[in-house]
Amino acid sequence: MGSQGHAASGSSVIPIALLTDFGHQDPYVGIMKGVLLSRAPGATVVDLCHEIPGQRIGVGAFFLKAAIAYFPNETLFVAVVDPGVGSKRSILWGRNKRGQQFLAPDNGLLDDVGIVSARRVKNRSLFLSEISATFHGRDIFAPTAAALACGLDPVKLGPKVKPPRKNKKGASRSVLLIDRFGNAVTDIHPESVRGKSIWVGKKKIGSLQKTYSSVKPGALLALIGSYGLVECSVRDGDFASVFKIKPGDRVHVR
Amino acid sequence: MGSQGHAASGSSVIPIALLTDFGHQDPYVGIMKGVLLSRAPGATVVDLCHEIPGQRIGVGAFFLKAAIAYFPNETLFVAVVDPGVGSKRSILWGRNKRGQQFLAPDNGLLDDVGIVSARRVKNRSLFLSEISATFHGRDIFAPTAAALACGLDPVKLGPKVKPPRKNKKGASRSVLLIDRFGNAVTDIHPESVRGKSIWVGKKKIGSLQKTYSSVKPGALLALIGSYGLVECSVRDGDFASVFKIKPGDRVHVR
Amino acid sequence: MGSQGHAASGSSVIPIALLTDFGHQDPYVGIMKGVLLSRAPGATVVDLCHEIPGQRIGVGAFFLKAAIAYFPNETLFVAVVDPGVGSKRSILWGRNKRGQQFLAPDNGLLDDVGIVSARRVKNRSLFLSEISATFHGRDIFAPTAAALACGLDPVKLGPKVKPPRKNKKGASRSVLLIDRFGNAVTDIHPESVRGKSIWVGKKKIGSLQKTYSSVKPGALLALIGSYGLVECSVRDGDFASVFKIKPGDRVHVR
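Residue numbers (the numbering used here), protein chains in the order written: chain R, 102 to 355; chain F, 102 to 355; chain B, 102 to 355.
Please keep in mind that the hints were generated in silico from the structure rather than gathered at the bench.
You can take every hint at face value.
Copies of the same chain are indistinguishable here, so a pair counts whether it falls within one copy or spans any two.
Cross-link-like lysine-lysine pairs, in silico, BS3-like; alpha carbons within 27 Å at most:
| no. | residue 1 | residue 2 |
| --- | --- | --- |
| 1 | K270 | K297 |
| 2 | K189 | K317 |
| 3 | K223 | K261 |
| 4 | K311 | K223 |
All of these numbers come straight from a predicted model, not from anything done at the bench.
Given only the sequences and the hints, what does the whole structure look like? Please build it.
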């Protein structure tokens, strides 16, 4: 989605990046974009990811953390993974040091993006007039994002609150997620495994390799993946399918 | 997709929302966007949904009806769920009271969007020069949409026809569709179930709840869903998978 | 993604079409768009397709060839199907007669787009400062594309090289791919089958039909499909599922 040439308001509209667990089979994301298009017609909307596994907040937080470095300072991220929708859970606005803004349910999604200033979103005059019990992405997040994209002062969102605490728990030494290629992304930082061997469950992978092409096609390897973390793969193959690896499986370093 | 900064024509280009059953595995939607970009370079193109189950016109009509309220008056919706492609089925243009425009095969897709003025699209000079038997989304719909987006007077599309009749059949009291989360969206309006119990097949769900959080995690519930209709769910779970519910299953209210 | 109204550079930014095997479950495509948005804020980005089966370069090359005719002359195509990522494989820039530009790994992706001028992309000053071993889409392709979109002279990319040779091997007379509808797209040109019968494996399909509606619902047929090639289908059905057809299956014309 992009500028309408005739959008007079376009001159100060900021980019909006969307992260949800809404998938693509339903029109949920499309309807959110309809609201954005109606209320911030000049906004540039980018799909960051909509296939977060249903309601898995941790994966959403991880993707958000991994992505923000690559987006402009003026970006507004709207993250909706929201198992508590319709309950009394709050909605948070936050800003990090770079000036990037965030809107998300107050459920941990924003724990790892370096929020330094936060507010509770409570100003109903910004929302759609009817608010459902199931789809705040459409009824609250999209219209609030549109208002911010058009220059709304965040002071008007609601009262200041403490920024979400940075998630301080260390690596659990397990498989975080399986990507499209069957790579097992772990939560292990590469510094801690130099010169050691990596095991996933009882499967020995070996020591860190530089690239896929360091081993023969079909061979197992561990390397530093796209998230800067240890990943386990089969060169030109699908590691997770072949070895039945799933998120949560333990990873050992010896 | 958005404005090219240099698009002189951009000053009057209207937003285009796409709804198809083309999915994402093929380049069909991307190619339609190529045609739009070539012929209406300043247009704002929004993906409403491309995962309509193959050729299920009813789902397309339902999604369209659910979405239009959230889009601007000037939106042009292009809906291509087209089992009759290549046959003599007509192509319809329509406009509703709000001024939203629509292009779709004349097969029922536009029955529920409130068309008040309609035309048969017959002006071949608007289409691509070669027209395939299988992909009118690319060869007819996209170039016609681009022309409308650039300000073509609909009079030039073809002769006036009667607007599609509003679908008047009442609720069939069944499951319309299963969404990504496994919620069973029914075609039952909430007014008709107040104080009564809802059953899906032989499974008793109970009376309408306010929100997911009205019941315990893992519990069954019925509530008013994102479409304003009765939905059946498992809190924090996947109702349709657990109970093997599928579109068409009967819903009872007692 | 589209113009930011305030992008002064927007006045000369060209459209970028993305083709990858990154899928939608991960934020890989979204992160590439973050880089593009950061470095070419006025660019119009179009998703051509992101569901190329993992690392199947031939399908990527085929989709690219099928799509380019429908995009503007000024389009920059960025194609990332890259099993050799992190190895010493080169990265190619190319331009075809129409002026369309391309960026891709030097692995065959650009064999069928009519490149007449090519360069090896070697200018590290264009890339992100840190380059991973696994995600050159983000670290090399996106920033290089952004630079080109903003008007970089391709001379600055790296040394001239021979354009990739046009793939001259004839049709292998087999199923190229199965599309979303279960149609089997073959690599057979329709001229060679006029008046003859088509078989997929041991299944007789018959002679070419004009449209789906030339046969009864549920009947088998062959016709000229959306790629201009022979396709085998079941009217209103899923040919590939019903007959267990897969890419690579032999097609006979007798």
